[in-house]
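K.L.:
Residue strings, one per chain:
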Amino acid sequence: MAETPKKHLLKSPRSSKHQAKSTPKPSSPSHFAPVTPQTQTLTPRRSSRLNSPPFDPPIPIEEPKETPRKGKKSSRTSDPNAHRDSAEKLPKLNRKDKEDSVKVDVSSFSPASPEQLESKRKRKRQEESKKVVTRAKSAVSVPKRRVYYKKVVYDGGEFDVGDDVYVKRREDESSDDEVPEIEECRVCFKAGKAVMIECDDCLGGFHLKCLKPPLKVVPEGEWVCGFCEARKSGKEVEFPVPPEGKKLARTMRERLLSSDLWAAHIESIWKEVDGIYWCRVRWYMIPEETAAGRQPHNLRRELYRTNDFADIEMESVLRHCYVMIPKEYAKANYGDDVFLCEYEYDIHWHSFKRLAEIDNGEEDGEEDDDSDEDWKLGKDTNSDTDEDIEYDDENIKSLPTKQSSAHELAANSRKGQFFGLQKIGTKKIPEHVRCHKQTELERAKATLLLASLPKSPPCRNKEMEEINAFIKGAICDDQCLGRCLYIHGVPGTGKTMSVLGVMRNLRSEVDAGSIRPYCFVEINGLKLASPENIYRVIYEALSGHRVSWKKALHLLNERFSDGEKVGKQDDRPCILLIDELDLLVTRNQSVLYNILDWPTRPNSKIIVIGIANTMDLPEKLLPRIASRMGMQRLCFGPYNYQQLQEIISSRLKGIDAFEKQAIEFASRKVAAISGDARRALEICRRAAEIKDYHIKRLKSAPKSVCSGKSLVGMAEVEAAIQEMFQAPHIQVMKSFSKLSKIFLTAMVHELYKTGMGETTFEKLAMTVSCLCTSNGEAFPGYDTLLKVGCKLGECRILVCEPGSKHRLQKLQLNFPSDDVSFALKDSKEVPWLAKYL
Amino acid sequence: MGRENTVEEALNLLRSRLCNPSFVFKPLSDSPDSNYSKLKFIISSSVTEACNNSILLLGPRGSGKIAVLELVLKDLLVEFPDLISVIKLSGLLHSDDNCAFKEISRQLCAEHQLLFSKMASFDDNSQFMIAMLRECGLAHKTIIFVLDEFDLFAQGKQRVLYSLLDAMQSVTSQAVVIGVSCRLDADQLLEKRVRSRFSHRKLLFLPPSKEDLQRLLEHILSLPVDSTISHDYAVEFNAKLQNMLADEKFKQIIITYMDSDATVNHLLRFLFRAVSYMELGSGFLSLENFKTALSNIQRQPKLECIKDCSILELHILVCMKRLEVKEQNSYNFNSVMKEYKSIRASFQISEYYAWSICLRAFEHLLQRELICFTDNRGQNQSVEFRPVKLLISSHELQQGLKSYRSCPAILFKLMDREV
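So the sequence lines, in the order shown, correspond to chains A and B. Quick note: the first sequence uses numbering that gives the first Met the number 0, first residue 0, plus one each step. Quick note: the second sequence uses numbering that gives the first Met the number 0, first residue 0, plus one each step.
Careful, some of the hints might be misleading.
Here are the simulated DSSO-like cross-link-like pairs (lysine-lysine), alpha carbons at most 27 Å apart as the crow flies [as the list claims (entries may be wrong)]:
1. A:K737 - A:K659
2. A:K786 - B:K156
3. B:K320 - A:K752
4. B:K250 - B:K340
5. B:K191 - A:K786
6. B:K209 - B:K156
7. A:K786 - B:K388
8. B:K325 - A:K824
9. B:K25 - A:K695
10. A:K827 - B:K209
11. A:K733 - B:K250
12. A:K762 - B:K412
13. A:K454 - B:K290
14. B:K201 - A:K804
15. B:K320 - A:K733
Chain B stretches covered by chain A per the calculated footprint, using a threshold of three residues with CB under 8 Å from any CB of chain A [stated by the list, open to error]:
16. 17 to 31
17. 41 to 53
18. 63 to 76
19. 169 to 183
20. 197 to 203
21. 222 to 232
22. 382 to 392
To list a few chain A residues with every Cβ distance to chain B over 10 Å, as calculated [stated by the list, open to error]:
23. K444
24. L525
25. N532
26. E663
27. S734
In short, the hints are calculated from the structure, not lab data. C-beta atoms are modelled at their ideal positions from N, C-alpha and C, and glycine is treated no differently.
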């Protein structure tokens, strides 16, 4: 493999500059002994590598000798691309590839600028819009041509949709060289069974025993070999030379990272009519190929997922590699072909974006069926090709209004599908995100975030079981009677989270095939523009069409009550989750009535789960609604302090940032006030933030010594609680101007004298002037006093009428008079105030 | 000539400083306990650590909430270029849900060079906002929502706040919601489910302490030594200023002024006035300037109104006061006229005014807001039948009469004596 001659390759212009890995120079093997520094960071890394190759070495390519095994076969009869693709199948790569020929012809490889591609896209669009009519017709008449597969055994390897593979970069590049699956130790040049450790810088492998001093176990965190360490510190490094007759082989990984190979993600696999296997792939990119180049924080094994797709022949696929998100990557143990991918790279805008969490995408995918597989895939991604397809669909619908397609669609309208969101991305991944070593406190803050939801809420097992039983009972019946569940509880007690947790479990059960599929619609009452809009939203969620709410109501009524089923999907049971149900109460309560009436109809197959805060919402409603909704209820009581404590400590597991009493104090305090888990988490997060602030302040001030303990203690929690629960009025009153203080004192004095909360400005001014004259202060005049009063009213220390009422203005204290006395009693400026308080 | 130009230049510099809040609040911001550093820490930690926060900035009007926020944002935009986008809403303009979402979308589009459509519906805009929050979160970009007059957003259903805060707790975003309000109880206005999602960081903006005030005065009023303004002049100016600042009389003036309202903005208004009184001839600030400014700025508008009234108008006011003393709570022009006639009869006042002239005087009083209609009812009734009320207290009226140039003695008698 070492003879893969580099000079034959036409290299991309930028790819070579980072070939930092110097080829070994001759020297005595023991010349430089790698030491084992133990740098500790939290960057994900593979701790050790598997020594046996994950699968058999590939067999030389000839013909595709085996037709796909059973797999799940699913064929698409009306593929819009089929007609065109088969027409221009002659060249090895189809249309898409011709345009992005960069991927085939290495010599022309260069990152295309967005303008170019933009123009290409436009051209393509025009071409396609010409074809629109024929395609629309042909889509019906074209017979089955392609066969799609989920899994193909090709050339000895088994390729699934969703696998990551190496792809040949050049036509003539053969995969039949003896590509070593395992790498040899860089010191002793043997593979062997012994555990090897990988340098995080040069990615060279070392036997633990070959290191000097030898390591017993694989160290945690980052490890850099002695060679790299020395090179970094500016020394000349001489690598050990391989023994005579043995050449250093280049693994696929090395070839990929020096951009002699490609990695790609298989999106779909199909067989053309002539029996050639094709697959649609999504390319990965190495950091050197991006516009920003390799950035200092890039890991050696890092790849970017692009939004660039191509259809390639299966023949150019070499073998599997494994591209993983950081979480999996840290645990991965697949040998040498493991790569890390955290970001997506937009090839048009040269911008980066983190990959979304995978389970986010699953939640909205209720309607996908096997037949929809590849359509769905296209929908998820943001690639421009897919957009074009959607665009075409729209064109078919609205052919007469063709001129409108000339200009760009607005981003914020639905018609544009939030057009242009792919533009958003950073030009460079900010360094602080990747390189920053999180302190314990920062980790604690991150886990305490409200947004970092746990998979299932702790301490709510009983309620979750009940919900689970309810839903299962409702949808597992063959009859599927409609039912209704009302969930209530104060905010922050995990109502919505529990329901969603149950739904997630059910979803995995559906995937496993143990229960029937259903559709799930989630609506938040507060996010609707008006209560009637709910019909529209439900109908859109069920059918995908947007209609006016009246029409939607009509159609939904038809569907649920008259049992008129249109498509085959419609007989699935439907679970409707309505959050903040009380917002749907209208004057005549018709919206609630309509929705809650559906479950009572025969054959409706709808289950309504309503969530609200008030316990007696059904009782407040009309009796006919209460009788439909109030049957089954579930109460989420406020958390008690033990539960809150458990919630907090379950999040903080493994992070040493909080004193135990501090957590208990926070949870007891919150439990006593509201039992709101969000509050408890926020208090702890705020406390950590306060601590962090102080520590960072201390560090920036040079002279003071940083205290060794950085645990969040009672003081910080106390401060956070103060901030959250205490109104700041006392502090503000203390810092007020002299006249305001006198004004407030006069208010209190007046209150004591008359016993009435409310007073008028005229009376108050009299009192103020009395106070002033008897204590030797100058009376400021009515108009100044009025202004002072209005200022106080603005801060809502007082509640008062507008100042234009002047003498007749009514005033009242907004806080207890005791607070005022407390605040003003020991004022240094005007000590005589205490007399009157 | 050259001297005058220098003075002119110095004056311009001082004035421009007084109108530039970010200059004024700069020196107050370096201590670790200052709101500036606290706010900066919270926002920058949400930029670097990718977390969501919501903060309330509370404090009386004129205490520099927005000014400090602007300072922080300006610094952060320099520190993290391209990673922060700021969306500014004002409760006075966007408290309506629909309008607020539209404005958020518009600003988001403008910020990211996307095309904005005015026609998009409420749903579209709110979903667009959530999509943007997610995308920006994935791209490590922070969106900062500044909600000025926060209390006005906390009215009605609070859909905007709920959507924002709910998105922040469910989507992987990095956003900061900063509410600015002068109402100290702003967080109590939030609805319970909104409040539960709000992360309740509060920063309190208080008026400056005495020492801060002194520092602030020096910072604002002293001229820079190394600038286009001639060096000698600046040094002399600063020396005189130092003398004045140390002067007890000067301190007394400032204290008297700040007695009514201790906020920074209030002080700036005064300083602007004082600086404007600076004599171009001498070219230095003097105590006199501040004294004149003080007497000019502390005015009693109602008393001055009385000073400008005619004798007839004073008569009417006194009559109304008398009616009030008689505990006749509701009166209109006709009953006032009756009282006036009875006074005239019993005291043999010689002047006679026609009814129409009296009515005009009465209307004049209405316009000057010395009296007002009791209620808004009966708009179509003619003026003389609508019940009115006196807006100044008898005390003020008394004072006003005293300071009147040639007040007839009879009016004092009428004020005091009950006939």
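K.L.:
With the threshold set at 27 Å, check whether the alpha-carbon distance from A:K762 to B:K412 stays at or below it.
P.N.:
Given pair A:K762, B:K412 holds - Cα atoms ~24 Å apart, limit 27 Å.
K.L.:
Under the criterion that the straight-line Cα-Cα distance not exceed 27 Å, is the pair B:K201, A:K804 satisfied?
P.N.:
violated (33 Å)
K.L.:
Against chain B, does A:N532 keep a CB gap of more than 10 Å to every residue?
P.N.:
It is violated; A:N532 is separated from chain B by about 7 Å at its closest Cβ, not greater than 10 Å.
K.L.:
Going straight from one Cα to the other, do A:K786 and B:K156 come out at no more than 27 Å?
P.N.:
Not satisfied, since the Cα-Cα distance of roughly 33 Å exceeds 27 Å.
K.L.:
If we take the beta carbon of A:K444, is the closest beta carbon in chain B still more than 10 Å away?
P.N.:
Label violated. Min Cβ-Cβ 7 Å, cutoff 10 Å.
K.L.:
Starting from A:K733, check that the Cα of B:K250 is at most 27 Å away, please.
P.N.:
holds (21 Å)
K.L.:
With a C-beta cutoff of 8 Å, work out whether three or more residues of the region 197 to 203 of chain B approach chain A closely enough for the coverage to hold.
P.N.:
holds (count 5)
K.L.:
For the pair we were handed, A:K454 and B:K290, check the Cα-Cα distance against 27 Å.
P.N.:
violated (69 Å)
K.L.:
When you check the alpha-carbon spacing of A:K827 and B:K209, does it fall within 27 Å?
P.N.:
holds (13 Å)
K.L.:
Holds or violated: is the Cβ of A:E663 farther than 10 Å from all Cβ atoms of chain B?
P.N.:
holds (20 Å)
K.L.:
Please work out if B:K209 and B:K156 have their alpha carbons no farther apart than 27 Å.
P.N.:
Violated - the C-alpha atoms of B:K156 and B:K209 are around 43 Å apart, more than 27 Å.
K.L.:
How about the region 382 to 392 of chain B: do at least three of its residues have a C-beta closer than 8 Å to a C-beta of chain A?
P.N.:
Holds: 5 residues of the region 382 to 392 of chain B have a Cβ under 8 Å from chain A.
When held up to the earlier numbered hints, the structure conflicts with 1, 2, 4, 5, 6, 8, 13, 14, 15, 16, 18, 21, 23, 24, 25, 27 and fits the remainder.
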